[in-house]
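Residue numbers (the working numbering), protein chains in the order written: chain G, 1 to 234; chain L, 1 to 234; chain X, 1 to 234; chain Y, 1 to 234; chain B, 1 to 234; chain F, 1 to 234.
Wrong hints could be hidden among the right ones.
Below are the BS3-like pairs computed for lysine-lysine, each with C-alpha atoms no more than 30 Å apart in a straight line [as the list claims (entries may be wrong)]:
no., chain 1, residue 1, chain 2, residue 2
1, B, K31, B, K211
2, L, K31, L, K211
3, L, K31, Y, K211
4, F, K31, F, K211
5, Y, K31, Y, K211
6, F, K31, X, K31
7, X, K31, X, K211
8, G, K211, G, K31
9, B, K31, G, K31
No lab work stands behind these hints, which were simulated from the structure alone.
Protein chains: 6
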Amino acid sequence: MSDRPTQYLSPEATNALQRASTATITTQLLKRGFRNTFLAGLTATRPDMRMLGYAFTLRYVPMREDLDLVDIDNTTSAQRLAVEAVGPGDVLVIDARNDTGAATLGNILAERILMRGAAGIVTDGAMRDTSALREIGLATYIRATHQTQSTARHHPADLNVPIGCAGVLVMPGDVVVGDADGVVIIPQAVAEEVALAAQEQELREEFVLEKIRAGSSILGVYPPNAATIAEFEG
Amino acid sequence: MSDRPTQYLSPEATNALQRASTATITTQLLKRGFRNTFLAGLTATRPDMRMLGYAFTLRYVPMREDLDLVDIDNTTSAQRLAVEAVGPGDVLVIDARNDTGAATLGNILAERILMRGAAGIVTDGAMRDTSALREIGLATYIRATHQTQSTARHHPADLNVPIGCAGVLVMPGDVVVGDADGVVIIPQAVAEEVALAAQEQELREEFVLEKIRAGSSILGVYPPNAATIAEFEG
Amino acid sequence: MSDRPTQYLSPEATNALQRASTATITTQLLKRGFRNTFLAGLTATRPDMRMLGYAFTLRYVPMREDLDLVDIDNTTSAQRLAVEAVGPGDVLVIDARNDTGAATLGNILAERILMRGAAGIVTDGAMRDTSALREIGLATYIRATHQTQSTARHHPADLNVPIGCAGVLVMPGDVVVGDADGVVIIPQAVAEEVALAAQEQELREEFVLEKIRAGSSILGVYPPNAATIAEFEG
Amino acid sequence: MSDRPTQYLSPEATNALQRASTATITTQLLKRGFRNTFLAGLTATRPDMRMLGYAFTLRYVPMREDLDLVDIDNTTSAQRLAVEAVGPGDVLVIDARNDTGAATLGNILAERILMRGAAGIVTDGAMRDTSALREIGLATYIRATHQTQSTARHHPADLNVPIGCAGVLVMPGDVVVGDADGVVIIPQAVAEEVALAAQEQELREEFVLEKIRAGSSILGVYPPNAATIAEFEG
Amino acid sequence: MSDRPTQYLSPEATNALQRASTATITTQLLKRGFRNTFLAGLTATRPDMRMLGYAFTLRYVPMREDLDLVDIDNTTSAQRLAVEAVGPGDVLVIDARNDTGAATLGNILAERILMRGAAGIVTDGAMRDTSALREIGLATYIRATHQTQSTARHHPADLNVPIGCAGVLVMPGDVVVGDADGVVIIPQAVAEEVALAAQEQELREEFVLEKIRAGSSILGVYPPNAATIAEFEG
Amino acid sequence: MSDRPTQYLSPEATNALQRASTATITTQLLKRGFRNTFLAGLTATRPDMRMLGYAFTLRYVPMREDLDLVDIDNTTSAQRLAVEAVGPGDVLVIDARNDTGAATLGNILAERILMRGAAGIVTDGAMRDTSALREIGLATYIRATHQTQSTARHHPADLNVPIGCAGVLVMPGDVVVGDADGVVIIPQAVAEEVALAAQEQELREEFVLEKIRAGSSILGVYPPNAATIAEFEG
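Taking the hints into account, I'd like the entire structure generated from these sequences.
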């Protein structure tokens with residue numbers, strides 16, 4: 001786990017990603033050829049919070065009765081090891097194969113993750129105790145609520161390997177950004193430039209939006225022609 | 001586009017449809033043999049608003065890289081032509097093949113549609129910036145949120161042709177009614193009579209509901225027997 | 001219908017189930033070998049209310065035009081007989097084959113069910129008038145909203161037979177518990193013991209949660225080792 | 001079970017249904033207002049055989065561990081009672097909730113059903129031992145193959161009640177016709193007339209098909225105009 | 001319809017596409033940036049035949065009772081106009097919204113299409129009479145079999161407009177190639193070069209395959225290194 | 001990879017598993033508490049062949065443009081490393097997340113796997129060139145055919161880790177058995193005893209089947225009572 005890249009964003013990029021919408025970020029990624037970066041179908045339990053961190057991945061496979069209908073051992077379970085390993089700046093991203101037939105975590109583990117300073121939790125499966133989860137101050141993104149504990153469906157297999165989450169590749173250390181509309185994954189190699197370009201794009205779009213609100217047509221404005229660009233840059 | 005029928009509802013019918021629930025309207029349509037008129041699976045971004053207008057349809061087909069990964073031309077893109085063509089009393093209804101793998105519109109275009117006076121937007125795909133969309137005063141119905149821009153998945157093909165939206169046929173000029181529970185499409189030929197019959201039905205149901213709330217059984221009341229009908233009409 | 005078991009829970013167990021979360025109850029059921037007891041994919045229309053009662057089942061089959069596009073007879077329709085038969089302590093549980101293509105009940109019948117004192121309604125299909133339904137004080141769980149009346153899709157077949165609801169077996173008289181996170185079915189034979197064990201579990205988990213909130217690791221605490229158990233029991 | 005209607009078709013209608021395609025039968029049902037009579041998504045294990053009989057229904061609900069992970073009792077299991085009750089002219093139609101996560105029958109029971117003289121088996125779930133099943137001379141229609149025995153997923157609930165099978169209402173005693181393309185359910189009340197009308201339709205279509213094969217356009221021929229009808233009837 | 005491009009392939013390219021596998025063609029398209037060209041989920045009714053032609057598109061929308069439960073008029077129905085308009089070298093490609101709840105064509109119309117010399121039929125919905133269809137010598141690709149006639153579900157809307165078929169954009173005049181494994185759409189602008197490049201690729205792969213069959217490792221062979229390329233070209 | 005367990009089955013167990021049906025094996029696994037061992041939804045490309053071997057697992061995650069739209073390097077790609085590592089007695093089992101939107105392997109790699117002596121291939125995704133694949137003598141199980149190469153959808157992540165395949169846990173070294181009806185996974189720890197018990201069960205079932213074919217009822221025979229058991233054992 002020690003070689004998972006974190007903290008590589010500059011303060012300026014970090015600041016930019018604390019404000020940019022996930023929509024803007026997907027656009028900057030699309031410009032760079034990355035078409036599949038948004039985690040479709042997830043819901044924010046705390047749409048009032050933003051999330052920014054580095055991916056700490058946890059991979060689940062289907063449960064098997066001899067492995068999972070037994071007492072949980074905190075010293076060997078990949079799930080439990082993950083809970084006690086995440087730290088400040090980390091987002092725990094769980095590959096649950098989009099299977100919502102049982103939970104992937106409950107609120108006791110979520111509270112521990114919060115106490116450890118993690119930036120959030122993302123799962124493409126279900127969580128239990130979602131109503132309790134909403135009460136604690138941890139950005140969390142889930143596909144569904146299921147009250148049955150994870151061992152009824154899932155076996156935690158390993159940590160910090162490349163995973164698929166909601167159909168998107170997540171590498172350990174990728175930048176994970178969440179807002180009220182969902183979660184986007186930014187590959188490490190382009191995170192810095194995407195952050196700065198997103199900030200720039202949002203300034204331009206705010207300018208465009210003001211013109212639209214003032215009654216302008218989209219012609220020459222969105223996308224902007226040379227005159228509009230000059231006006232913006234002036 | 002000029003021959004799309006609009007404004008054919010009488011003031012009385014318009015008034016009736018500004019109040020009738022979409023449930024009542026589907027019942028009146030069912031009585032006339034129309035079984036499939038409710039757009040299943042869509043969510044109101046503004047459940048506090050009602051929507052009433054005439055369908056302005058926009059049809060998307062799957063994107064293709066040589067057509068859609070290029071600069072958008074407002075003078076040829078069917079999407080952009082639609083945005084600058086809708087007007088007061090129109091509801092923009094988008095056929096996105098129920099595909100939620102990218103957005104169908106974003107908030108800048110939605111704001112322009114609002115500025116043009118349109119009555120609302122309905123898509124059987126996704127929208128981006130849904131949280132921003134909730135802030136503006138435009139009734140909008142979506143299947144999902146996806147932050148990736150529409151060109152990653154959709155190619156706008158044409159305007160004001162018959163479309164399927166959420167599994168329902170929508171003809172240009174059909175009446176579109178939305179409330180907190182969803183959207184119903186009323187074929188033009190029956191819109192006037194359905195509107196008036198819906199108003200009548202709601203009066204009867206309010207009468208029934210008061211009896212139920214007063215402790216009445218449904219027997220003889222729902223559906224009403226002759227005595228109940230006489231009491232209502234008396 | 002008269003032989004449907006009800007009221008067999010002791011006051012202590014009833015009290016316990018009025019407080020236990022559905023998550024805790026599924027855990028106690030899992031300990032007893034019942035893996036599939038949570039009704040996945042349903043939403044509470046009133047997440048502020050809890051629900052506790054005995055299952056009164058209603059089974060729908062697909063509609064057929066000669067049976068269902070006719071006037072409803074309250075004296076023969078299984079749906080209507082159910083509405084006038086449920087009473088205090090009953091939860092009406094509807095098997096709609098997870099089909100959300102039309103409603104399974106509307107708000108007039110829901111109000112009558114409320115007036116009869118029932119504890120709630122659960123359907124694995126849709127309801128109409130969901131926004132109106134939210135206004136009345138009846139715990140209700142639905143898969144979706146569809147405004148078209150039930151006869152467009154469903155034929156009510158019989159009452160108080162074993163059904164599947166959201167993929168879970170429901171026997172008439174089974175205990176049904178709902179909270180903001182969903183609904184769990186407790187087989188009659190284990191309901192008393194599950195209730196008491198759930199109460200006990202929640203006390204233990206509250207103790208654990210306080211330790212976690214105070215900064216404890218999960219090691220030795222969740223699951224608890226002998227020392228933690230002794231501390232709890234002390 | 002004794003009051004399940006069977007053998008009510010005339011010899012002429014029986015003969016007609018032994019030849020008519022399921023496509024023709026759905027058309028005659030559609031003409032009479034029945035839109036939903038074909039069991040979509042099922043595959044014939046013996047496309048070389050036709051099937052004709054009266055529906056003997058068997059209803060499954062989700063399994064529960066205390067009921068189904070025990071020894072099977074042939075004197076109480078609805079599945080086993082059905083196997084020993086079907087007879088000549090019966091088609092066993094199983095409502096498995098379209099759930100293909102385990103089998104609904106295996107080849108030993110299928111062989112017993114064959115020995116009892118039944119006309120076929122239809123399930124909207126899976127069967128096991130499909131390759132063995134193909135070897136025996138019994139028309140069988142399945143959604144999928146799953147090798148796990150039925151008790152892993154299904155609990156047999158009751159016999160000869162109205163069921164849904166592949167989304168279609170099946171009443172005990174309805175006529176069930178199968179050919180290489182699938183299965184259609186004919187409601188008892190219209191079975192006689194549908195049979196005769198189907199026979200008539202096929203004669204007309206054979207006439208039309210010969211004209212098409214001889215190079216005719218469809219104009220005036222399909223559908224036929226007065227001249228074509230006169231030629232056919234002449 | 002008259003401006004639909006056809007017959008633009010050279011004899012050499014036509015010849016190449018009569019032999020190249022659809023797998024090879026998708027690879028050549030992918031090299032040119034087209035990622036989504038294969039019609040997933042369709043089955044060949046005649047896997048022994050190949051298909052090559054120019055797309056003649058037919059678009060269906062959801063049926064509506066006042067439009068579709070009436071006598072079919074061959075002079076206005078888009079479906080019937082299409083059947084009498086396709087000719088030699090055309091492939092009729094139907095956009096049925098991937099909806100398999102009724103047929104999109106039956107065998108009488110298919111025989112007429114065959115008589116008119118068309119090269120094949122592709123639908124992303126169902127066909128009826130599939131077993132009869134297999135008997136006639138027309139390459140046909142379907143998603144499923146449904147015996148109910150198309151008007152129960154579909155309304156034919158228009159001809160030779162851009163459509164989506166099985167999730168892929170099909171422009172009128174695009175090249176359509178089918179083999180036992182399925183159907184690929186080649187955009188007109190690249191059809192000539194893709195055809196020739198596919199032919200070249202298959203020669204190379206046959207060379208590679210022979211080495212593999214002779215016991216070679218894939219190292220240096222697949223993909224080929226300079227030595228292998230030289231050996232092939234030598 | 002070197003520590004993947006193989007060849008641990010006794011000759012007697014190997015022999016038993018070369019004959020036992022996958023149905024029988026799931027029953028023996030169910031008796032031991034393993035409910036989820038059959039890979040649902042896969043099709044045998046060679047239903048005339050049986051397959052028996054030890055699982056060699058290959059895990060795919062979603063593709064990303066910077067990783068997968070580049071030349072394949074046989075020395076680093078997990079897919080290519082797998083192809084050159086499998087050997088006699090191995091079954092290559094691919095976790096493709098049940099995603100059939102592109103192939104997971106094509107026929108050149110399949111031929112190399114055959115040449116290396118592997119016992120078969122199992123994927124929960126698609127394969128390309130399925131019709132060519134049917135020609136070679138390698139047992140292969142697939143969910144679908146898709147002609148687009150794997151890099152359009154999949155990134156090969158690692159080898160011989162626990163995976164989910166078609167919803168079932170597969171550990172490296174688990175025994176994999178396939179017949180015409182599908183594939184079952186036998187956990188290593190119980191493989192020997194399951195093999196021998198399956199053989200025993202099939203002898204009993206053959207005895208039962210003969211009685212059924214001779215006209216016996218299932219009563220006392222299936223399941224067998226003491227008399228039938230005595231007769232079998234006699």
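A quick look at each hint next to the structure:
1. For a cut-off of 30 Å, the pair hint linking B/K31 to B/K211 stands: about 24 Å separates their Cα positions.
2. Taking the CA atoms of L/K31 and L/K211, the gap is near 24 Å; set against the 30 Å cutoff, the hint holds.
3. Between L/K31 and Y/K211, the direct Cα distance comes to roughly 41 Å. Violation of the 30 Å bound is thereby established for this hinted pair.
4. Under the criterion of a C-alpha separation no larger than 30 Å, the hint pairing F/K31 with F/K211 is consistent with the structure, at around 24 Å.
5. A distance of roughly 24 Å separates the Cα atoms of Y/K31 and Y/K211; the hinted pair therefore holds under the 30 Å criterion.
6. At roughly 19 Å between alpha-carbon atoms, F/K31 and X/K31 fall within 30 Å of each other, so this suggested pair holds.
7. The straight-line distance between the Cα atoms of X/K31 and X/K211 is roughly 24 Å, inside the 30 Å bound, and the hint therefore holds.
8. At most 30 Å may separate the alpha-carbon atoms for a hinted pair to count; G/K211 and G/K31 meet this at roughly 24 Å.
9. With a C-alpha separation of about 19 Å, the suggested pair B/K31 and G/K31 falls inside the 30 Å cut-off, and the hint holds.
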